[in-house]
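Trainee: Okay, here's what each chain looks like letter by letter:
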Amino acid sequence: DQQVKQNSPSLSVQEGRISILNCDYTNSMFDYFLWYKKYPAEGPTFLISISSIKDKNEDGRFTVFLNKSAKHLSLHIVPSQPGDSAVYFCAASPNFGNEKLTFGTGTRLTIIP
Amino acid sequence: DAMVIQNPRYQVTQFGKPVTLSCSQTLNHNVMYWYQQKSSQAPKLLFHYYDKDFNNEADTPDNFQSRRPNTSFCFLDIRSPGLGDAAMYLCATSRDRASGYNEQFFGPGTRLTVL
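Protein chains in written order, with our numbering: chain A, 1 to 113; chain B, 1 to 115.
Please keep in mind that the hints were generated in silico from the structure rather than gathered at the bench. Do not take every clue at face value.
Stated by the list, open to error - Far from chain B, by Cβ distances over 10 Å, these chain A residues were calculated:
1) Q2
2) V4
3) V13
4) I20
5) S49
6) S52
7) N57
8) G83
9) D84
To be verified - In silico lysine to aspartate or glutamate, EDC-like type, Cα no more than 20 Å apart, as pairs:
10) A/K5 - A/D59
11) A/K71 - A/D1
12) B/K17 - B/D62
13) A/K100 - B/D96
14) B/K38 - B/D51
15) B/K44 - A/E42
16) A/K100 - B/D53
17) B/K44 - B/E103
18) A/K100 - B/D51
19) A/K56 - A/E15
20) B/K38 - B/D59
21) A/K100 - B/E57
22) B/K38 - A/D55
23) B/K38 - A/D1
24) A/K54 - B/E103
25) B/K38 - B/D62
26) A/K54 - A/E15
27) B/K44 - B/E57
28) A/K71 - A/E42
29) A/K56 - B/D53
30) B/K44 - A/D55
31) B/K44 - A/D24
32) B/K17 - B/D77
33) A/K56 - B/E103
34) A/K100 - B/E103
35) B/K52 - B/D85
36) B/K38 - B/D53
37) A/K100 - A/D24
38) A/K68 - A/E15
39) B/K44 - B/D62
40) A/K68 - A/E42
By construction, the Cβ of each residue, glycine as well, lies at the ideal position given by its N, Cα and C atoms.
The task is simple: from the sequences and hints, build the whole structure.
Mentor: Written out as structure tokens, the structure reads:
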């Protein structure tokens, strides 16, 4: 049972445009969400997170939006740069400070120069 | 730089031959995790240590064991690897839950091949 779903295995975006990566979850107990970025031959690295008490969190070019009623979150990257080409994983945990994360299957983002 | 190190990066073993993967960290984090990731799948938590307290996931096969001799090191032992255990194994660390941080720091992974 996949509790965190990333339904798009891949996404291609023109450099300079906005990249939107989506994530859905089924477990209503999740209330803290994270995005990780993974380059080939490296481990995932933390990108940005959001708590359920917020609906938006922004960090430079990266913004995460959370829609609790729809159990949906999205990561916006604007403007997209070639270095953003990577696999992006969505992850969720039952509460802030809980050490267990449930990951999605990832979306491979390719930025076209 | 503080980091999570995994050795070896690539490991080849034979069917049924025990293998040990290692992870070390210089972050001084209380919590260490082992994940298994198969191709095109989500990383799947096998177990984690909160300090010396071992927490096994309910669906982790008995074939997988772990040791954490001290804060810095954690080992994953696969007692009798099967072909289905071929995967990337990721080690991660995090601060303790009292700090309120969920962020996990990952090593580069060990890719295990079972012949």
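Trainee: None of the hints should be skipped; say for each whether it holds.
Mentor: Cross-check of the supplied hints:
1. Q2: A/Q2 not clear of chain B: closest Cβ-Cβ about 7 Å, inside 10 Å.
2. V4: Violated, because the least Cβ-Cβ distance between A/V4 and chain B comes to about 7 Å, which does not exceed 10 Å.
3. V13: With a cut-off of 10 Å, A/V13 remains clear of chain B, as the shortest Cβ separation is near 21 Å.
4. I20: Label holds. Min Cβ-Cβ 20 Å, cutoff 10 Å.
5. S49: Non-interface label on A/S49 violated, nearest chain B Cβ at 7 Å vs cutoff 10 Å.
6. S52: Fine: 12 Å to the nearest Cβ keeps A/S52 off the interface.
7. N57: Per Cβ check, A/N57 is outside 10 Å of chain B; nearest 13 Å; holds.
8. G83: holds, 18 Å
9. D84: Fine: 19 Å to the nearest Cβ keeps A/D84 off the interface.
10. A/K5 - A/D59: Since the Cα atoms of A/K5 and A/D59 sit roughly 23 Å apart, the hinted pair is violated (cutoff 20 Å).
11. A/K71 - A/D1: holds, 16 Å
12. B/K17 - B/D62: Satisfied, since the Cα-Cα distance of roughly 15 Å is no more than 20 Å.
13. A/K100 - B/D96: At roughly 12 Å apart (the allowed maximum being 20 Å), B/D96 and A/K100 satisfy the hint.
14. B/K38 - B/D51: violated, 27 Å
15. B/K44 - A/E42: holds, 17 Å
16. A/K100 - B/D53: holds, 14 Å
17. B/K44 - B/E103: holds, 16 Å
18. A/K100 - B/D51: holds, 15 Å
19. A/K56 - A/E15: violated, 24 Å
20. B/K38 - B/D59: With a Cα-Cα distance of about 16 Å, the restraint between B/K38 and B/D59 holds, given a limit of 20 Å.
21. A/K100 - B/E57: holds, 10 Å
22. B/K38 - A/D55: Violated. B/K38 to A/D55 sits at ~32 Å, over the 20 Å cutoff.
23. B/K38 - A/D1: With a Cα-Cα distance of about 16 Å, the restraint between B/K38 and A/D1 holds, given a limit of 20 Å.
24. A/K54 - B/E103: holds, 17 Å
25. B/K38 - B/D62: Within the cut-off at roughly 18 Å; holds.
26. A/K54 - A/E15: violated, 29 Å
27. B/K44 - B/E57: holds, 10 Å
28. A/K71 - A/E42: This hinted pair is violated, its Cα atoms lying about 30 Å apart.
29. A/K56 - B/D53: violated, 35 Å
30. B/K44 - A/D55: violated, 27 Å
31. B/K44 - A/D24: holds, 17 Å
32. B/K17 - B/D77: holds, 11 Å
33. A/K56 - B/E103: holds, 18 Å
34. A/K100 - B/E103: Holds - the C-alpha atoms of B/E103 and A/K100 are around 10 Å apart, at most 20 Å.
35. B/K52 - B/D85: Given that 20 Å is the threshold and the Cα spacing comes to 26 Å, the pair is violated.
36. B/K38 - B/D53: violated, 27 Å
37. A/K100 - A/D24: This hinted pair holds, its Cα atoms lying about 18 Å apart.
38. A/K68 - A/E15: violated, 30 Å
39. B/K44 - B/D62: holds, 15 Å
40. A/K68 - A/E42: Distance ~31 Å between A/K68 and A/E42 Cα, so the pair is violated.
The structure does not agree with the numbered hints 1, 2, 5, 10, 14, 19, 22, 26, 28, 29, 30, 35, 36, 38, 40 stated previously, though it agrees with the rest.
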